[in-house]
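Asker: Sequence:
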Amino acid sequence: MKWAIQEDTPHGQLLSWNGRTIVHDSRPELEFLLAGPIRIVPCPPSIPPEQTIELRFHPQFAHHTFPLRREDYR
Numbered sequence: 076m077k078w079a080i081q082e083d084t085p086h087g088q089l090l091s092w093n094g095r096t097i098v099h100d101s102r103p104e105l106e107f108l109l110a111g112p113i114r115i116v117p118c119p120p121s122i123p124p125e126q127t128i129e130l131r132f133h134p135q136f137a138h139h140t141f142p143l144r145r146e147d148y149r
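Count along the sequence shown starting at 1, add 75, and that's the number in my numbering.
Derived from the structure by calculation, the hints contain no laboratory data. Please note that a few of the clues may not be correct.
Claimed, not checked - Computed Cβ-Cβ distance ranges for the label pairs, DEER-style:
| id | residue 1 | residue 2 | range |
| --- | --- | --- | --- |
| 1 | 147 | 125 | 27 to 35 Å |
| 2 | 146 | 120 | 32 to 40 Å |
| 3 | 145 | 94 | 30 to 38 Å |
| 4 | 76 | 139 | 15 to 23 Å |
| 5 | 149 | 87 | 25 to 33 Å |
| 6 | 145 | 86 | 27 to 35 Å |
| 7 | 115 | 146 | 20 to 28 Å |
| 8 | 86 | 149 | 34 to 42 Å |
| 9 | 112 | 134 | 18 to 26 Å |
| 10 | 135 | 88 | 12 to 20 Å |
| 11 | 141 | 111 | 37 to 45 Å |
| 12 | 125 | 76 | 15 to 23 Å |
| 13 | 138 | 115 | 17 to 25 Å |
Every residue gets a Cβ at the ideal spot worked out from N, C-alpha and C, and that includes glycine.
Could you build all of it, start to finish, from the sequences and the hints given here?
Answerer: What follows is the structure in structure tokens.
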């Protein structure tokens, strides 16, 4: 299952980069890496894969190695 990041507002939008919804296959990793007013939600099946971008390919997360090893973050 792919997970997406949603603004924690009544009609929160899914976060995107360059028009592509940011997704990741591990909810615990998203919860570990991200903080703030967000929710981690299943990526809607109506969003085709070509309109998504894996978190690991986002420039701000490219320096991380997936799957994460929490001991690398101490």
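Asker: In ascending order, which of the hints set out earlier in this document are inconsistent with the structure?
Answerer: 11
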